[in-house]
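Trainee: Taken in sequence, the protein lines are chains A and B.
So in the numbering used here, spot 101 of the first sequence is number 101, and the numbers just go up one at a time.
So in the numbering used here, spot 103 of the second sequence is number 103, and the numbers just go up one at a time.
Everything labelled a hint here was simulated from the structure, so no lab data went into it.
For clarity, every value in this text was computed on a predicted model and none was experimentally measured.
Do not rely on the hints blindly, as some may be mistaken.
Ranges of calculated distance between the beta carbons of each label pair, as one might list FRET restraints [claimed, not checked]: (1) B:41 x A:97: 30 to 38 angstroms; (2) A:77 x B:15: 43 to 51 angstroms; (3) B:46 x A:15: 34 to 42 angstroms; (4) B:16 x A:52: 46 to 54 angstroms; (5) A:28 x B:72: 32 to 40 angstroms; (6) B:54 x A:84: 36 to 44 angstroms; (7) A:39 x B:77: 33 to 41 angstroms.
Over 10 angstroms on every C-beta distance to chain B, these chain A residues come out as not near it, computed from the model [claimed, not checked]: (8) 17; (9) 26; (10) 27; (11) 71; (12) 79; (13) 86; (14) 110; (15) 111.
Glycine residues also receive a C-beta, built at the ideal position from the N, C-alpha and C atoms.
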Amino acid sequence: KAGVTQTPRYLIKTRGQQVTLSCSPISGHRSVSWYQQTPGQGLQFLFEYFSETQRNKGNFPGRFSGRQFSNSRSEMNVSTLELGDSALYLCASSPGQTTNEKLFFGSGTQLSVL
Amino acid sequence: AQSVTQPDIHITVSEGASLELRCNYSYGATPYLFWYVQSPGQGLQLLLKYFSGDTLVQGIKGFEAEFKRSQSSFNLRKPSVHWSDAAEYFCAVADNTNAGKSTFGDGTTLTVKP
Chain A
1 KAGVTQTPRY LIKTRGQQVT LSCSPISGHR SVSWYQQTPG QGLQFLFEYF
51 SETQRNKGNF PGRFSGRQFS NSRSEMNVST LELGDSALYL CASSPGQTTN
101 EKLFFGSGTQ LSVL
Chain B
1 AQSVTQPDIH ITVSEGASLE LRCNYSYGAT PYLFWYVQSP GQGLQLLLKY
51 FSGDTLVQGI KGFEAEFKRS QSSFNLRKPS VHWSDAAEYF CAVADNTNAG
101 KSTFGDGTTL TVKP
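Kindly produce the complete structure, drawing on both the sequences and the hints.
Mentor: Next comes the structure, spelled out in structure tokens:
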């Protein structure tokens with residue numbers, strides 16, 4: 001089974017631009033979660049989608065948004081980029097059926113905002 | 001709100017020595033606890049998890065962890081460290097409604113001396 005795939009692997013953007021990151025979960029997984037990882041703030045939960053619906057949301061501004069498609073693939077979008085948005089963005093998938101499932105993480109998208 | 005504290009930012013051990021990484025959590029109910037490992041530039045891989053039952057859980061790569069409710073701790077141990085164990089380790093507690101929404105500690109970086 002293929003693992004969680006995130007594209008692109010690296011991105012460089014400038015302030016004010018917007019960016020879209022993609023995540024393909026493990027086949028059969030219906031839950032996709034997004035996390036932001038920075039040296040200063042660590043790993044922070046962004047949001048989680050299950051069957052095309054946002055099921056949970058972290059404490060991030062509205063510039064951060066996401067969606068999930070019928071094939072469970074997910075995208076997250078960040079508009080009006082700020083320098084502080086530079087981070088490793090990690091996607092994780094799970095079956096989404098129970099609370100005791102482990103998360104399978106992708107290798108992440110490293111976003112640099114200049 | 002749930003929280004996770006990893007008191008040690010950086011630990012250095014010699015190859016072959018034993019290892020213990022500390023994790024303390026704050027959670028109102030019975031926690032769902034995880035330990036993940038992250039190699040540089042990569043996503044997170046699950047080492048082990050605890051939901052209920054035996055408080056000593058075994059994981060992959062020879063790791064184990066012990067859940068101590070009285071101390072709100074879930075420390076990770078390994079009897080003999082290998083050079084390939086050098087990585088960053090994260091303790092996490094999952095939201096009791098959804099494993100996709102997890103709260104992570106700030107991580108402990110492990111360096112292994114030859």
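Trainee: Please check whether the beta-carbon of residue 111 (chain A) is more than 10 angstroms away from every beta-carbon in chain B.
Mentor: At about 13 angstroms from chain B, residue 111 (chain A) clears the 10 angstroms cut-off, so the statement holds.
Trainee: Hint says 30 to 38 angstroms; check whether the CB-CB distance for residue 41 (chain B) and residue 97 (chain A) agrees.
Mentor: 31 angstroms, holds
Trainee: Grab the minimum beta-carbon distance between residue 71 (chain A) and chain B and tell me whether it stays above 10 angstroms.
Mentor: Residue 71 (chain A) is indeed farther than 10 angstroms from all Cβ atoms of chain B, at 18 angstroms.
Trainee: Quick check for students: does the CB of residue 27 (chain A) sit more than 10 angstroms from each CB in chain B?
Mentor: 17 angstroms, holds
Trainee: May I ask you to test the hint 33 to 41 angstroms on the CB atoms belonging to residue 39 (chain A) and residue 77 (chain B)?
Mentor: About 27 angstroms separates the Cβ atoms of residue 39 (chain A) and residue 77 (chain B), which means 33 to 41 angstroms is violated.
Trainee: If you check the beta carbons of residue 54 (chain B) and residue 84 (chain A), does the distance land in 36 to 44 angstroms?
Mentor: 43 angstroms, holds
Trainee: Mind verifying the non-interface call on residue 26 (chain A)? Its CB should be farther than 10 angstroms from each CB in chain B.
Mentor: 12 angstroms, holds
Trainee: Just double-check residue 17 (chain A) for me: nearest Cβ-Cβ distance to chain B has to come out over 10 angstroms.
Mentor: About 24 angstroms separates residue 17 (chain A) from the closest Cβ of chain B, which puts it past 10 angstroms; holds.
Trainee: So is residue 79 (chain A) really clear of chain B, every C-beta pair being over 10 angstroms apart?
Mentor: 23 angstroms, holds
Trainee: Examine each Cβ of chain B, and state whether all of them lie more than 10 angstroms from the Cβ of residue 86 (chain A).
Mentor: The claim holds: residue 86 (chain A) sits with its nearest Cβ about 15 angstroms from chain B, beyond 10 angstroms.
Trainee: Take the C-beta atom of residue 28 (chain A) and the C-beta atom of residue 72 (chain B), compute their distance, and say whether it sits inside 32 to 40 angstroms.
Mentor: About 35 angstroms separates the Cβ atoms of residue 28 (chain A) and residue 72 (chain B), which means 32 to 40 angstroms holds.
Trainee: Closest CB-CB distance from residue 110 (chain A) to chain B, is it above 10 angstroms?
Mentor: 8 angstroms, violated
Hint compliance for this structure: hints 7, 14 are broken, all remaining hints hold.
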